[in-house]
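Novice: All chains should be built: construct the whole structure from the sequences, respecting the hints.
Chain by chain, the residues run as shown.
Protein chains: 2
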Amino acid sequence: MIPKALQILISELSQLPGIGPRSAERLALHLFLNGKNSSESLGNCLLRLHEEVLFCSICGGLCEVSGCEVCKDESRDSELLCVVERPVDILSIDKSGAFKGRYHVLGGKLSPINGVGPEDLRIAELFDRVRKEAVKEVLIALGMDVESEATVYFLTKRLAALGVKVSRLAQGLPAGASLEFADGLTLERAIENRVPVESE
Amino acid sequence: MIPKALQILISELSQLPGIGPRSAERLALHLFLNGKNSSESLGNCLLRLHEEVLFCSICGGLCEVSGCEVCKDESRDSELLCVVERPVDILSIDKSGAFKGRYHVLGGKLSPINGVGPEDLRIAELFDRVRKEAVKEVLIALGMDVESEATVYFLTKRLAALGVKVSRLAQGLPAGASLEFADGLTLERAIENRVPVESE
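These protein sequence lines map, in sequence, to chains A and B. The numbering of the first sequence is our numbering, which starts it at 856 and goes up by one. The numbering of the second sequence is our numbering, which starts it at 856 and goes up by one.
Hints listed in this document are in silico derivations from the structure and should not be mistaken for laboratory results. Each statement offered as a hint is correct.
Heads up, the list lumps identical chains together, so a pair's fine if it works in one copy or across two of them.
The list that follows gives simulated cross-link-like pairs (lysine-lysine, DSBU-like), each with its CA atoms no further than 30 Å apart: (1) K991 <-> K950; (2) K891 <-> K927; (3) K955 <-> K859; (4) K950 <-> K859; (5) K859 <-> K891; (6) K950 <-> K891; (7) K859 <-> K927.
Specialist: Right under this line is the structure:
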C-alpha cells in the first residue's frame, strides 16, 4: 500500500528519539508532499554532517573541520576548565553565559556496573591538559546521579594531587521553582548549601 | 559554538511539523552522535524519495514508479469508488480494512474563501473515471467541516446526474467514546442517524 521508499523513510525516522511510528509516518508524508527540494535539502544536510562536523581532539566537543572554536578562542580563561559528560553539555553551559573558561568532554561517567572504568573515559587526556595548560581550577559539571557522584569523587582526589582547585555545580532549587514541587533531597541540599544574605 | 553543518541540520529539522527548536537540536545531535552510517542512510532515503515515489495518474494516491498497487489490484471492486481529500487518507481508510474498492484523491476541498474552485481539484478526472470505469457507487470520505460539506453537496448533485449511488461516511460517536466527552453536534448527529436494534 505505502510505496517502498516511503516505508523505508518511515522506519528510519521512527528510530529517532521521541518519534513514534505515527509521527514518523506524518513526517515522511510531509517530506514527500512538501516537494523534492525540501527533502533533498535535508538529505544533503545529513550526508554532509559527518564530513563537516568532527570531535575536537583537545576538548572532545563538536567542532568544524577547520578547528575547534572554543579551544582556539584566546579570550577564554585557560586557567579554568569545565569537565562535562557529553559534547552537548558544552552547548548548555555556554548558552547560560556564566562560564568563560575551556571545556573537557569525558565521554561518559564511571560506572562499574556497566563496565565503564577510568580508561574508557577521556580522563588521561584531562590530567594531561591540566598539567600542560597550567589549569588552576577544574569545575566538574556532571549531573546529580550516583555515577556522577562516583566520577566526581574519583576525579577530585587525583586532581587535588595535581595541585588544582576542584569545584562542582551547586545543588539547590532550580530557577523559578516553588517549594511545593521540590523533592526532599533537593530541599535537603538547598538547606545544607544555604547562602548568607547580607543586610545592606 | 555549534558547528555550521549541525546548525543547518537543526534549522532544517525544526521546519518539520511537530518538531520545535529543542527537539530539532536533540534529533540533530542524535543523528551526529549515532554515527555516519545512520545519518547517511536517512540522508540517502530522502534523496531517493522523489525518485521512487510518485503520484498515481489515475487515483492521485502515492505509488511506486512501477505503477499503482491499488489501481492495478484486480481483486478490488471496480464498481465502488472512494473519494478522499489527500493521498494520506487512502492509507487510513485501507488500514481499517472496511473498504475493498478503489480510490480517487481530490487534492483538496472546495473553498471559495481560499479561492479553491472545482477546476483546482481532481473533479473532472473523477467524473471521467465514473463514466469510463462503470462505477456504481461513490463513497465520499471527507471530514465533517464546512468545506467538506460544500464539496459533498457539489459532488452529490453531479454524480447523481451520472446515475451513480452516492454515499458518505456515517457520523456518530467514535469507537470507544463515552457520552460524557461527546460534544453536542456529535450527539445530535448520532441521534439523527440512530440505528435500529433488532431483537433476536
